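Peer 1: The primary structure of each chain is shown beneath.
Number of protein chains: 2
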Amino acid sequence: MDCWVDGQPADSLSLKDRGLAYGDGLFETFAVRNGQPILLDRHLARLAEGCVRLAIAADIQLIRQELLSYAAAMGEGVLKLILTRGDGLRGYAPDPAAPGRRVLQGNPPSAYPAAHAEQGVRLFPCSTRLAKQPLLAGLKHLNRLEQVLARAEWQDSEHAEGLMLDQAGRVVEGVFSNIFLVRDGVLITPDLKRCGVAGVMRAEILFQAESLAIPTQIADISLEQLQWADEVFICNSVYGVWPVRAYAALSWPVGPLTRKLQTIARALLDA
Amino acid sequence: MDCWVDGQPADSLSLKDRGLAYGDGLFETFAVRNGQPILLDRHLARLAEGCVRLAIAADIQLIRQELLSYAAAMGEGVLKLILTRGDGLRGYAPDPAAPGRRVLQGNPPSAYPAAHAEQGVRLFPCSTRLAKQPLLAGLKHLNRLEQVLARAEWQDSEHAEGLMLDQAGRVVEGVFSNIFLVRDGVLITPDLKRCGVAGVMRAEILFQAESLAIPTQIADISLEQLQWADEVFICNSVYGVWPVRAYAALSWPVGPLTRKLQTIARALLDA
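Line order of the protein sequences matches chains A and B. Under numbering that gives the first Met the number 0, the first residue of the first sequence carries the number 0, and numbering increases by one thereafter. Under numbering that gives the first Met the number 0, the first residue of the second sequence carries the number 0, and numbering increases by one thereafter.
Hints may be right or wrong, so weigh each one.
The list cannot tell twin chains apart, which means a pair is met if one copy fits it or any two copies do.
Unchecked claim - Straight-line C-alpha distance at most 20 Å; calculated EDC-like pairs for lysine to aspartate or glutamate:
(1) K259 <-> D183
(2) K15 <-> D5
(3) K131 <-> D269
(4) K131 <-> D165
(5) K259 <-> D86
(6) K192 <-> E203
(7) K131 <-> D190
(8) K139 <-> E203
(9) K139 <-> D10
(10) K192 <-> D165
(11) K79 <-> D269
(12) K259 <-> E48
Hints were generated in silico from the structure; no laboratory data involved. Just so you know, these numbers come straight off a predicted model, no measurement behind them.
Chain A extracted, bound-state conformation (with noise of 0.2 Å):
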């Protein structure tokens, strides 16, 4: 499906757009079925977070329209969209009144191997960290060097996702993804305050099993913590949740509290 660019079919960008100057912008990636943007409501509320904090003023019911426009239209597959500060002059000083530039790219449904939801997933242990930036901690920018310095460390496909630390070596986050674990009956998630992108799928997972009387925690996690964990998970809103086998020479089973969030973030998923 044709890309479209402020609701326009399009398939360039100007070259004075801010988003490629300056990775000036944020981006949301959906799951899209049967012509519904998954999580929309979620994935709207951290876009208009992001606006907010970087100061862009985008037009969040316009954006909502087309991107239900535009899942309609497409049916299944993977909906990622950008919203940059739009053009600009020379020079980094921003326009507060610029109301941004939507972008919108359909691809077809993600096509992962089943065995990394059944039987889990290896975790590479990345060694570039994250840095502290509590003035972008949470948000989904374009500012992304650090995921591609990650991904690019490993090649071999026994790895599905890559395990980041933050420069104080906390255990922060997936690449793509979030991540979760389970100890004593109590589901934990890292705190990201400090750095991270607050993930779409992490917050429907902690709504979720808030909704089931699970005690969960937000907290900072060491690698001797995940050492212990009885289980561990990842997530993100386009594959739902994988179990977490490995990491470096640590290993642990598929628990059950994996496989029954697995199963609400694949329904919400196979809506």
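Given chain A, work out where chain B should sit, using these hints.
Peer 2: Chain B only, in chain A's frame:
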């Protein structure tokens, strides 16, 4: 003058470009005088280092030829080169053989008030702190949201630049400049091993100072050391050298070493 993309006149970019998707690339901004890009070798050396560190397989000799041709055609002004990793598919994994995409953009000469160079400038105290990321420190890469946030902190024309600290409170750089201070005849500039852009004019000034047997030092600099400086100035490869006369409650006279190095920079830029 028209932009060039990969050597051809163009006004737009592929929507699949990883420069847009992830800020996955580098840039350089050249002053052009009499059809020549100034400090070309230093710019290309930094670009080449960036290509090695980001693993972009760019042809630096081809880029040199394109820059020379473009500068010759534009005559006078500011020439920006953006080198992205080129088109990508979905996902962060980079293609290690990708030769990169070259975008050249010509702009008229910068029109800064003459007073900036003559009387010196006041620096805005930016509250946006630079994150520590040794893997990217020194590079002029496309992940520039910290600079966008910092530059958005002031709108008045009283402040020509802003000063950025790192998260430990060390003095690092301006938003679009490097900073030097002079103390007891020694020229000191911040160590950029944790964050910051290793500016081409910074490198040239260090080289020129050493040629003049002026002692130089690359070191961590605290705000207290800034307070006790005899002279302070900022620099970049477009405007040369601006004396700094004030930052928050601090002020400095425009000193003789600043003037000497400013004259040298001006001679380069007026070549």
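Peer 1: All hints, please: hold or fail.
Peer 2: Going down the list of hints, with the structure as the test:
no., hint, verdict
1, K259 <-> D183, "within (16 Å within a copy, 68 Å between copies)"
2, K15 <-> D5, "both (15 Å within a copy, 16 Å between copies)"
3, K131 <-> D269, "neither (36 Å within a copy, 41 Å between copies)"
4, K131 <-> D165, "both (7 Å within a copy, 11 Å between copies)"
5, K259 <-> D86, "neither (46 Å within a copy, 39 Å between copies)"
6, K192 <-> E203, "within (18 Å within a copy, 39 Å between copies)"
7, K131 <-> D190, "both (12 Å within a copy, 19 Å between copies)"
8, K139 <-> E203, "within (16 Å within a copy, 37 Å between copies)"
9, K139 <-> D10, "neither (23 Å within a copy, 28 Å between copies)"
10, K192 <-> D165, "both (12 Å within a copy, 17 Å between copies)"
11, K79 <-> D269, "within (18 Å within a copy, 47 Å between copies)"
12, K259 <-> E48, "neither (30 Å within a copy, 48 Å between copies)"
Checked against the numbered hints above, the structure breaks hints 3, 5, 9, 12 and satisfies the rest.
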